[in-house]
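Student: Chain by chain, the residues:
2 protein chains.
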Amino acid sequence: MAEKTPITIAIMTPGDMGHSIGQVLLSSIKNKFRIITNLTDRSERTQKLSNLAGIIDVKTDEEIIQQADFIFSILVPSQANSVAQRFAPFLNKNKHIIYVDMNAIAPQTVRSISTLFSYGNFVDGCIIGPPPGSHEHIPIVYLSGEHAQKIADLFQFTDLINVSVIGNEIGQASTLKMCYASLSKGITAIATQACITAKFFGLEEVFFNELKQSMPNIFEKLNKSIPHMPPKAARWAGEMEQIAKTFENIGLSEKMFQGAAETYQFIAEKTPLGNEIIEERKRGQTLNDALEIMTQSLKKKTYDE
Amino acid sequence: MAEKTPITIAIMTPGDMGHSIGQVLLSSIKNKFRIITNLTDRSERTQKLSNLAGIIDVKTDEEIIQQADFIFSILVPSQANSVAQRFAPFLNKNKHIIYVDMNAIAPQTVRSISTLFSYGNFVDGCIIGPPPGSHEHIPIVYLSGEHAQKIADLFQFTDLINVSVIGNEIGQASTLKMCYASLSKGITAIATQACITAKFFGLEEVFFNELKQSMPNIFEKLNKSIPHMPPKAARWAGEMEQIAKTFENIGLSEKMFQGAAETYQFIAEKTPLGNEIIEERKRGQTLNDALEIMTQSLKKKTYDE
Chain A
40 MAEKTPITIA IMTPGDMGHS IGQVLLSSIK NKFRIITNLT DRSERTQKLS
90 NLAGIIDVKT DEEIIQQADF IFSILVPSQA NSVAQRFAPF LNKNKHIIYV
140 DMNAIAPQTV RSISTLFSYG NFVDGCIIGP PPGSHEHIPI VYLSGEHAQK
190 IADLFQFTDL INVSVIGNEI GQASTLKMCY ASLSKGITAI ATQACITAKF
240 FGLEEVFFNE LKQSMPNIFE KLNKSIPHMP PKAARWAGEM EQIAKTFENI
290 GLSEKMFQGA AETYQFIAEK TPLGNEIIEE RKRGQTLNDA LEIMTQSLKK
340 KTYDE
Chain B
40 MAEKTPITIA IMTPGDMGHS IGQVLLSSIK NKFRIITNLT DRSERTQKLS
90 NLAGIIDVKT DEEIIQQADF IFSILVPSQA NSVAQRFAPF LNKNKHIIYV
140 DMNAIAPQTV RSISTLFSYG NFVDGCIIGP PPGSHEHIPI VYLSGEHAQK
190 IADLFQFTDL INVSVIGNEI GQASTLKMCY ASLSKGITAI ATQACITAKF
240 FGLEEVFFNE LKQSMPNIFE KLNKSIPHMP PKAARWAGEM EQIAKTFENI
290 GLSEKMFQGA AETYQFIAEK TPLGNEIIEE RKRGQTLNDA LEIMTQSLKK
340 KTYDE
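These protein sequences, in sequence, are chains A and B.
Under our numbering, the first residue of the first sequence carries the number 40, and numbering increases by one thereafter.
Under our numbering, the first residue of the second sequence carries the number 40, and numbering increases by one thereafter.
What the hints contain is simulated information worked out from the structure, not anything from laboratory work.
Be aware that one or more of the hints could be misleading.
Since the list gives no way to pick out one identical chain from another, each pair is judged satisfied if it fits inside one copy or across any two copies.
For lysine-lysine, the following DSSO-like pairs were computed, each having C-alpha atoms within a straight-line distance of at most 30 Å [claimed, not checked]: (1) 284 to 87; (2) 251 to 189; (3) 338 to 189; (4) 251 to 284; (5) 134 to 321; (6) 134 to 69; (7) 251 to 43; (8) 284 to 263.
The shape of chain A in the complex, shown without the other chains (with noise of 0.2 Å):
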């Protein structure tokens, strides 16, 4: 099937994670893609990342519908309802263009917006892994739905990003990610808080040689993961919200992640590195340094008897 180029593929919004995939669609192959977005009321951040990565900014939903073969949503999940919403009385009026939804979403949550689409012009999707750019890290994109291959297709040009299709429901994808999402921020969110009450109480170090001992991976993956969280916190606070959902849904407890996301939100609001920003990291880049920070942001400061 002869396909026009370039192809006009719509990410909104371009922050971290969209800016890093627009970016990677561009450079897979000359002249092939074009990315727009609308960054109208976006912050100088996001319309700086979008810039650099080469995006266009068309500045508005319509001019979006009028150029746009395929809308990526990637967001955080609070907004994927809203945007979703915004897109869908356009696509179903134009029902050529794709809306995927990309988001880190609870499967009940993205069968719903499915729903709004009446052509069933809509992809499930999910993104494992860092935003792309490196062959070291190297994320994969999960698609399911009855139009997922169209949405693979668009990433054989590059080898910076994998992508699997995995079945023909939505909400396949999105489950998926769920699972996977709760274990890899779930243990974050654990290991955060069993650090923070091992230095509250001075016990760090003999903590740290036993798990240095007897769960090295572990220690491995904490001693990374609780330092590069917080810039993150506040996204993953409403992700652990969407994972509790998905738990709850099927009559599994839904407090574990209910408590992950009360434990991201600690970070992200009452310790001072939750206004901190990837790119300009200043505090908590160390192990000890982020516990201690943490630690002297306790609400309690003493224990009670």
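Assemble chain B onto chain A, guided by the hints.
Tutor: Showing chain B alone in chain A's frame:
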């Protein structure tokens, strides 16, 4: 200092962990120790484990007080306080006997228990690792409190149990246990939820493949820990509640470990795996088999839209 031989240690109670510690102490050096207990009203299984280990049933608490130099409390968390209440009045008249709480309980719980012992003849302890008996997996007993070294000295004749005195304060050993168990058993609780969810949606193969690629150590851990956990799930639920209290007490979220408690309660009470006994496992001995049974036990059999 000359010590009387044999040294008499009462173990309350000689369950999975307690009888193994008794057995290892008895075999550590000939005629150095007598291990006693009170098996009145104990289960047939505990009586059998105790007899096989060479532990002597002296039948009453009064007789334990007559004979013991040390009392080791090795119990499910919910019984730690009531057994201490049973023995404390006797120990306040027999201050030469040292009571060691080795249970997985919150630091504020063990500090509260310690106040029952008016002569301070009380040591805080915890056990990290499996029941002793194998040179491959050697547990470590951590101890804290004024008399901790006296307890550490009892283990000098065996290389099947390591021992470490970590401080002079009651609560330090228990805090360390809470931090450690929050990682070891918290990860298993998360993994159990994640794997049940993947299985429920028919995504276990793609989920396990992703984990094998990007988190091989975690996959290896859950592949062992999920099938091994069910006979211990009821005991672990109580331990998770103690971890929740530990974190809450310094101002962190209590929900993650209330949720972990609910996860283990589900396995113990709502699945047929909860009735399995460690020595006589019949069902759920592989990851896939365990997940199949757990998924069938979900209270919701279909998901809500």
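Student: Are the hints correct? Go through all of them and say.
Tutor: Checked hints:
1. Within a single copy, residue 284 and residue 87 get their C-alpha atoms no closer than 34 Å, and across copies no closer than 45 Å, so neither meets the 30 Å cut-off.
2. Only between protomers do residue 251 and residue 189 lie at most 30 Å apart by alpha-carbon distance; the minimum there is 27 Å, versus 46 Å within a single protomer.
3. Neither within a single protomer nor between protomers do residue 338 and residue 189 lie at most 30 Å apart by alpha-carbon distance, with minima of 51 Å and 37 Å respectively.
4. Proximity of residue 251 to residue 284 under the C-alpha cut-off of 30 Å is restricted to the inter-copy arrangement: shortest distance 26 Å between copies versus 34 Å within a copy.
5. Proximity of residue 134 and residue 321 under a CA criterion of 30 Å is satisfied in neither setting, with 47 Å inside one chain copy and 55 Å between copies.
6. In this assembly of identical chains, residue 134 and residue 69 lie within 30 Å of each other by CA distance solely inside one copy; the values are 27 Å within and 84 Å between copies.
7. In this homomeric assembly, residue 251 and residue 43 never come within 30 Å of each other (Cα to Cα): the closest approach is 56 Å inside a single copy and 39 Å across copies.
8. In this assembly of identical chains, the alpha carbons of residue 284 and residue 263 lie at most 30 Å apart whether taken from the same copy (28 Å) or from different copies (27 Å).
Of the numbered hints stated above, those contradicted by the structure are hints 1, 3, 5, 7, listed in ascending order.
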